[in-house]
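Colleague: Spelled out, the chains give:
2 protein chains.
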Amino acid sequence: MNKQVKIRTFSISDLAKEFDVTTRTIRFYEQQGLLNPARQGQTRIYSPKDRVRLMLTLRGKRLGFSLAESKELFDMYDSTTQGNEKQLLYMLDILSKKQADMRQQLSDIQRLQKELDIAESRCQDALVKVRQRDKKKASSPERKVG
Amino acid sequence: MNKQVKIRTFSISDLAKEFDVTTRTIRFYEQQGLLNPARQGQTRIYSPKDRVRLMLTLRGKRLGFSLAESKELFDMYDSTTQGNEKQLLYMLDILSKKQADMRQQLSDIQRLQKELDIAESRCQDALVKVRQRDKKKASSPERKVG
DNA sequence: ATCAAGGTTGACGTTTACGTAAAGGAAAAT
DNA sequence: ATTTTCCTTTACGTAAACGTCAACCTTGAT
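Chains as they are written, first to last, in this note's numbering: chain A, 32 to 177; chain B, 32 to 177.
To be clear, the hints were calculated from the coordinates, so they are not data collected in a lab. All the given hints hold, so there is nothing to weed out.
Straight line, CA to CA, 25 Å or less: simulated DSS-like cross-link-like pairs of lysine-lysine:
1) Lys-128(B) to Lys-92(A)
2) Lys-167(A) to Lys-117(B)
3) Lys-80(A) to Lys-37(A)
4) Lys-129(B) to Lys-145(A)
5) Lys-145(A) to Lys-102(B)
6) Lys-145(A) to Lys-128(B)
7) Lys-128(A) to Lys-48(B)
8) Lys-168(B) to Lys-117(A)
9) Lys-48(B) to Lys-129(A)
10) Lys-129(A) to Lys-92(B)
11) Lys-48(A) to Lys-129(B)
12) Lys-128(A) to Lys-160(B)
13) Lys-145(A) to Lys-92(B)
Given these sequences and hints, build the entire structure.
Modeller: So, in structure tokens, the structure goes:
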């Protein structure tokens, strides 16, 4: 009994549109070993798994991961099932480093958010003042020579 | 009455060491308009303000800001005090966009942290299994011919 | 006096992550 | 049939962010 689950597939431009990247980008990621779409003749057919990888790659980018780093994580994750002790220890090491990175970024972001808030209210204040000044000007305008 | 507060200064290599960047990097940032050290003859003298800017620039980098973006924020912040309405509105716009970015990154990070945790436990499990297997092997080793 | 340590300005090299253009196949619409 | 519309590969171009010399001051230590 073969479970014949039909799996959705995506064209390259499907994914390009969904994630707002160019097809060039997607092909480049493949060239760098981040994606492995099937082929139908020449054209690439992307599975949900490919789609997830693309998603993760892009999120990684937003968090400052290089493509090489993302690839490394993917590869290691894939090999986790059959990994030997050394591999696993290495992976754990990487993971803890990444977690440290993320903690750092978290605190960076929180600080920056506060600062942006402060900058925003300061800016709002300045705006109000500018407008009050302009109002005054309007109610007592300069006399024109006439 | 001149308040003569003596302000600490830093050499380029002081800062390079403190923030673990090369002097080349620091000079480059100056060239890009992010820093404005005083000069003593030829050599650069960095004030605490310069130091803070460097710090902010580096934090910005960790958060995926380009140098140009950081510079833009610095410049605008500096000009906030005397900014006109247009400038201020523009700045507010930028700020709200940055805040949106940061919210996105925050959620990215939180997800990734969860995933890293999961990957870590999975990895730990795999490690335990590998070690148990190796233990078994050791207690009933293969017979050697001989 | 000279020598090592740190500073300076070019100027060219390098990596990453794509952009862009050329040249063409295959299929769907007109 | 031919014109779009997608897709393909190949290949050169590019912007950002430095790295890496080279060639040269200056200044305190020996």
